[in-house]
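Colleague: Each chain is listed here by its residues.
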Amino acid sequence: MKTFRYERPTDPAAAIALVAGDSGARYLGGGTNLVDLMKLGVETPELLVDVSRLPFGEVEETGGGGLRIGAAVRNSRLATHMLVRERYPALSQALLSGASAQLRNAATIGGNLLQRTRCLYFQDVSKPCNKRRPGSGCPAREGVHRDLAVLGASEHCIATSTSDLAVALAALDATVHLAGPAGTRSLPLTDLHRLPGDAPERDTVLRHGELITAVELPPPPRSARSAYRKVRDRASYAFALASVAAVLNVRDGAVHEVRLAFGGLAAKPWRANGAEEALQGRPATEDSFAAAVRTELTACRPLRDNGYKVALAERLAVAVLAQLAELD
Amino acid sequence: MTTLESALGASTARLEGRAKVSGTARYAAEYASEGALYAWPVPAGIARGEVTAVHTDAAMADPAVLVVLTHDNAPRLRPVEDRTLALLQSPHVAHRGQYVALAVATSLEAARAAAAAVLVQYKADHHDVVLTEDHPGLYAPEEIDGLWPGTREHGDFGGAYAAAEIRTDAVYTIPPLHNHPMEPHAATAVWDGDALTVYDSNQGSTAVQHTLAQLFGIDAGQVRVVSEHVGGGFGSKGTPRPNVVLAAMAARAVDRPVKLAVPRNHMPAVVGHRAPTIQRIRIGAGSDGRIRALAHEVVTCTSTVGHFVEPAALPSRMMYTAPNSRTSHRVTRLDIPAPSWMRAPGECPGMFALESAIDELADICGLDPVELRIRNDTEVEPDSGLPFSSRHLVECLQEGARRFGWHERDRRPGIRREGRLLIGSGVASSMYPVIIFPSCAAAHADPDGQYRVRVNATDIGTGARTVLAQIAADALAAPLGRVHISIGSSDLPEAPLAGGSSGTASWGWAVHNACAQVRELVERSGGSVPAGGLSASADTTEDIKSGQEYARCAFGAQFAEVQVDTDTGEVRVRRLTGVFAAGRILNPRTARSQFIGAMTMGLSMALMEASTMDPEFGDHAERDFASYHVAACADLPAIEAHWIGEEDPHLNPMGSKGIGEIGIVGTAAAIANAVHHATGVRVRTLPIRPDALLPHFAHFA
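Chains as they are written, first to last, in UniProt numbering: chain F, 1 to 328; chain G, 1 to 701.
Quick caveat, the hints were computed from the structure, so don't treat them as lab data. Keep in mind it's a predicted model, so treat the numbers as computed, not measured. The C-beta atom is built at its ideal place from N, Cα and C for all residues, glycine as well. Keep in mind that a hint or two might mislead.
Some residues of chain F that are not near chain G, with every Cβ distance over 10 Å (derived) [what the hints assert, rightly or not]:
| # | residue |
| --- | --- |
| 1 | His177 |
| 2 | Arg232 |
| 3 | Asp305 |
Cross-link-like lysine-lysine pairs, in silico, DSBU-like; alpha carbons within 30 Å at most [claimed, not checked]:
| # | chain 1 | residue 1 | chain 2 | residue 2 |
| --- | --- | --- | --- | --- |
| 4 | F | Lys39 | G | Lys545 |
| 5 | F | Lys39 | G | Lys20 |
| 6 | F | Lys2 | F | Lys39 |
Covered, in the sense of this in silico footprint (three residues per stretch, anywhere, with C-beta under 8 Å from a C-beta of chain G), are these stretches of chain F [claimed, not checked]:
| # | segment |
| --- | --- |
| 7 | 137-149 |
| 8 | 185-197 |
| 9 | 311-318 |
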């Protein structure tokens, strides 16, 4: 039997030291993804360091009217937190659109951001996968890829990230706080995940031993509204074919402020900077939304069976922006 | 006789309901057995070829591992008809996922790790796994599944079709589908000398008993199969499966009890599935919608190890008047896992095609699809020419239309908008033949007024145990509380499987006969039961030969209302109403559960279920519930099942027809027809997911 050690430190420094000192160590949050991957033989850690008891379980208001969310906060708790529901509806909606109630009760915010792709080849150790076994190949390009990436993929990997939370956080300008053997640092959430390039085995920019301690949200833009919408093959309990998180502030019929992020299209939450720029000051109409989103999506490189995602993402983004602009 | 009235036809709650919801009902892998070991199989990593070497050193290095069985060292099995059970008998690999080794260890985790550590080397041959319309291997079998002619012709289809005023011609395709019962196929095997006891999850333990006896070369009397509770099967447990054979092989090899539960992600390869179908339907009709010519031509595939053929053209032999018809099957053998029964094999996929085509015909004729079906109703089964013992399709259509509010419907497609949604409704017919197999049963009256009834029936979650007790109480004219029923063990009188919606009629007939005899014995002894009790047994082999001068079939109608999001292509069903005519309904509570359960499965088939054959590897890519989607609660609309009273004296003493499968027949067509009514888009390939509809909505942008 493949054995592993399990530690449950109560002190962050001890947790970091444990993982930093062992290349086969992994942090364990709610375990909703890592434990599955261990059963499949995809992950074979020597040591699990359970970080769910570390003092990262609080949701606190920051001085400026933002929110600091501890990495060990459970998805279900954050989704129903009064300040989240009031100020960041997109975040609450994203969390509630993910997984099932039971999984949301177990999953943590930090763990959610670090979940692995659900690409079927990644999860099947009997087949090649560059993300799981670098250099072994990517059968998804020619194989089953209806769910996989149309943006930012490489010849080595077309995996998608499946976190709904990350998409909302990307649109909400979240910052991720990290602690590691070399001290602490902070990153914009949009810099946490990386595109595959020629190193698809690395999902994020985290260094070994680095731990997400908190996610911080700036105050929501004044008078802006936000929403998250996810399209999937069934009404609940499915990963996104495409999803959109948007923050929109319309003044006098023109776009005053907009932030837009896509899920289900790439290996990371896709912040649509191009579309945002194109929309700045433009009339808040479906036509200008569509034109701007199209600009962003010209970078799409669809494969045989996932081309529908391009049209889907465009129409979904237009629908969400129109809803926020109350065009209906 | 008030007890007579109250037992049969009452909404009795499941007798084992409390045990199930409180977790005390034991399933096959849950029987505690002193010193039991755990087995974990190793699936083949190629789609066709030979195993050239199996290296077990790494697996055996763990002291928790007792043995790794391979084709070299596994116990030899005698040949049986089902070649998927010739497990670990040869190095030949017929499909990816076929078992090539089995690790046995003292814990589940050790067995799993050992299986992963087994290194198998192969000589791989080129494989051929994808069904195409023009696959060079296609042939027309004379007979399919040992039951039906592959092709039937009546009149002159070609001439009548060419001469018809109105013609339809379309191809409908359904992907491979998997049964995926909640409880995986599992078994615990215990040998005592040459006597074998297995606790096994199956739909019929008599067949498991006889097959194990054959495989191991022992008398059937030495094999005991216990299947007291079974967590679903949907056809995939209708025959003995690798779980029970491997558990018994391993237990024999190590001389200790062994448990084996097929891992969920192995199930798509080793316990059957519904093969994909490509179905072409051509209808020639008058402008009044009356069908003059009907061709239903099925292309499908099977495996090289099992030869099951999805008999999808069958419903077109039974449904509507068609004086000139052709129904045919062509099949090719591929290097794929063996297809097998999945809920309503034949009728379910066949009726998706036929009932979609009928909707298309109604559309062309400008007729209401309910009316068109009524015009094509028939009193005799078109293929056999036999009169139906009872057929209330028209009444189901009319009652369903009334309940659903069908008649307010505007027939024009694509015109009902609610914001960004399009709304539509659709209808389809349902049907499922009456099947009865011979069965035995025994009944015994005790002096204290209690009755014991014994029959090797299987309750796969349907409520069969409860309904059989009701049938017994009714025949005994005794209160239900005094009837004690035993099912689910091969010690009991021999009985057929829970399959083909045949269980209640087959077992119930035998139970009825045995109980009626006991009641007579009690009456003859003046109403008192002597000290030794009174017993009777029944065997219905002769009884079931009656009624063959009729075609016997249950019918129904299903109505669906859908909404389609024009931004995203998402289809959601708002309402689903089914009305069925299935003889006498013996227990409304369990019957409703059967109907709406099957309709839910039909909804899943319409909108989400799909397995993808991976051409490179030769396996079905979706092998868990995260990727093989079935309806979640949020997908389930207001779903209703109703039935109309149907008295049919040509069935069985209870007057019942099978209700297990009819609910899935027609559902997918009703939903696809509703999608057409909502959007004007005819989707002929299942499932109807966003990518199927999105390209058609460009004009809304």
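Colleague: Could you work out which of the previously given hints the structure breaks and list their numbers from low to high?
Modeller: 2, 3, 4 and 8
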